[in-house]
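Student: Here is how the chains run, residue by residue.
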Amino acid sequence: MTVHTDYLFFHTKKRQEIVRITDEVAGIVAKSGVREGIVLVSAMHITAGVYVNDWEGGLIEDIQEWLEKLAPARSDYRHHHTGEDNADAHLKRTVLGHQVVLPITAGALDLGPWEQVFYAEFDGQRRKRVVVKVMGLA
Amino acid sequence: MTVHTDYLFFHTKKRQEIVRITDEVAGIVAKSGVREGIVLVSAMHITAGVYVNDWEGGLIEDIQEWLEKLAPARSDYRHHHTGEDNADAHLKRTVLGHQVVLPITAGALDLGPWEQVFYAEFDGQRRKRVVVKVMGLA
Amino acid sequence: MTVHTDYLFFHTKKRQEIVRITDEVAGIVAKSGVREGIVLVSAMHITAGVYVNDWEGGLIEDIQEWLEKLAPARSDYRHHHTGEDNADAHLKRTVLGHQVVLPITAGALDLGPWEQVFYAEFDGQRRKRVVVKVMGLA
Numbered sequence: 001m002t003v004h005t006d007y008l009f010f011h012t013k014k015r016q017e018i019v020r021i022t023d024e025v026a027g028i029v030a031k032s033g034v035r036e037g038i039v040l041v042s043a044m045h046i047t048a049g050v051y052v053n054d055w056e057g058g059l060i061e062d063i064q065e066w067l068e069k070l071a072p073a074r075s076d077y078r079h080h081h082t083g084e085d086n087a088d089a090h091l092k093r094t095v096l097g098h099q100v101v102l103p104i105t106a107g108a109l110d111l112g113p114w115e116q117v118f119y120a121e122f123d124g125q126r127r128k129r130v131v132v133k134v135m136g137l138a
Numbered sequence: 001m002t003v004h005t006d007y008l009f010f011h012t013k014k015r016q017e018i019v020r021i022t023d024e025v026a027g028i029v030a031k032s033g034v035r036e037g038i039v040l041v042s043a044m045h046i047t048a049g050v051y052v053n054d055w056e057g058g059l060i061e062d063i064q065e066w067l068e069k070l071a072p073a074r075s076d077y078r079h080h081h082t083g084e085d086n087a088d089a090h091l092k093r094t095v096l097g098h099q100v101v102l103p104i105t106a107g108a109l110d111l112g113p114w115e116q117v118f119y120a121e122f123d124g125q126r127r128k129r130v131v132v133k134v135m136g137l138a
Numbered sequence: 001m002t003v004h005t006d007y008l009f010f011h012t013k014k015r016q017e018i019v020r021i022t023d024e025v026a027g028i029v030a031k032s033g034v035r036e037g038i039v040l041v042s043a044m045h046i047t048a049g050v051y052v053n054d055w056e057g058g059l060i061e062d063i064q065e066w067l068e069k070l071a072p073a074r075s076d077y078r079h080h081h082t083g084e085d086n087a088d089a090h091l092k093r094t095v096l097g098h099q100v101v102l103p104i105t106a107g108a109l110d111l112g113p114w115e116q117v118f119y120a121e122f123d124g125q126r127r128k129r130v131v132v133k134v135m136g137l138a
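Chain order of the listed sequences is A, B and C.
Residues 1 to 138 in this note's numbering are what the first sequence lists, from first letter to last.
Residues 1 to 138 in this note's numbering are what the second sequence lists, from first letter to last.
Residues 1 to 138 in this note's numbering are what the third sequence lists, from first letter to last.
Okay, chain A solo, but in the shape it has when bound (with noise of 0.2 Å):
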């Protein structure tokens, strides 16, 4: 069995941004060498998501849209007391998630035709990291 550890890092402009990872992801399985098997990706901060959906950029607007109409930002938090402003982000990244398991067959990404993976920012301007975690047969 192979196990083969990396990390994408990010750094957006905005405080809320949606990436596309999903090149990224099966570059990292390439590399890996994993012909079966499965990837984790996941966010190592959590403020951050990491989901999978459309590649469609109204759709990225209206779940944007969405979660700021579930989960909005506001000042009267509990979090807030210890100085930090991001309790939305906090709670924006759990409805959506922060983690994904693919599977790997045939020494690619076994996704649906319109499967796409994102990552999701929801406080940043700063470093974020997430990590990639292959396990399989090579």
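Read the hints as simulated data drawn from the structure, not as lab findings.
Owing to the predicted nature of the structure, the values given are computational and were not obtained by experimental measurement.
Careful: at least some of the hints might be erroneous.
Treat identical chains as interchangeable: a pair holds within one or across any two.
Said to hold, decoys possible - The calculated DSBU-like cross-link candidates involving lysine-lysine, where the alpha carbons are at most 35 Å apart (straight line), are:
id, residue 1, residue 2
1, Lys-69, Lys-128
2, Lys-13, Lys-31
3, Lys-14, Lys-69
4, Lys-13, Lys-69
5, Lys-13, Lys-128
6, Lys-31, Lys-128
7, Lys-31, Lys-69
The hints should help you fit chains B and C onto chain A, whose structure is shown.
Tutor: Then chains B and C, alone, in the frame of chain A:
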């Protein structure tokens, strides 16, 4: 180590439908011969989900009604400018989750007494697919 | 490859309670001897969750209050026709998630600086269980 891949297919009669798949997943695990490991069960379409919860008709209806409230079908999503009409399906599957990883212990799914696995369709009436990836020691 | 299985048990005093379990999971990983791999941490009851977020009391209360708003305790769920009174617990755990997969690198949990693992009870005051499945190279 053994890695075994299989697929489940769905073609629901209604646009939204929740289908229990615990037995189908257990059958694939048995076929794989894996006795200690995990199995990934993941929707390959981005308007469907896979989740673990109660096999009780009332709760299943509660979940569907609740998702309709959190992520309502509406005409004014930006995604619909592409000609699509299923933005709510993309959001509903986000709340519910699109994949689960189940432990396999002593050759069987290691589930609690009430845990059941479900496929949740939010834009059906066409052929959809779920990947089942088993990994572990035979 | 090594596969190691363990269980964590909970019996909370309050109906709803959030319990940090990072150290318990790390202890099981150490015991397993796995140095490169993953660990699945999954609630075996369908009214509880497992999630990764901040270990900060204010945020933990924010999360509980927010879940109460998204999935309120109410008497009129269909699930309650069975005699149950915990439909909201099934929904709250759906938003929060019921499992996480954590990477293991160089013999330890490979977590970001603020990542902590929590067990979230929504219908406690009775014995509950979480499965911890470690898989990888020793």
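Student: Would you mind marking each hint as holding or not holding in the structure?
Tutor: For each hint, the structure was consulted:
Proximity of Lys-69 and Lys-128 under a CA criterion of 35 Å is satisfied in both settings, with 25 Å inside one chain copy and 30 Å between copies. Within a single copy, Lys-13 and Lys-31 get their C-alpha atoms as close as 29 Å, which meets the 35 Å cut-off; across copies the closest is 42 Å, which misses it. In this assembly of identical chains, the alpha carbons of Lys-14 and Lys-69 lie at most 35 Å apart whether taken from the same copy (19 Å) or from different copies (29 Å). Taking the shortest Cα distances, Lys-13 and Lys-69 sit within 35 Å of each other both inside one copy (23 Å) and across copies (32 Å).
Taking the shortest Cα distances, Lys-13 and Lys-128 sit within 35 Å of each other inside one copy (12 Å), while across copies they are farther apart (37 Å). Taking the closest pair of Cα atoms, Lys-31 and Lys-128 come within 35 Å of each other both inside a single copy (22 Å) and across two copies (31 Å). Taking the shortest alpha-carbon separations for Lys-31 and Lys-69, neither the intra-copy value of 40 Å nor the inter-copy value of 44 Å comes in at or below 35 Å.
Consistency note: the structure conflicts with earlier hint 7 alone.
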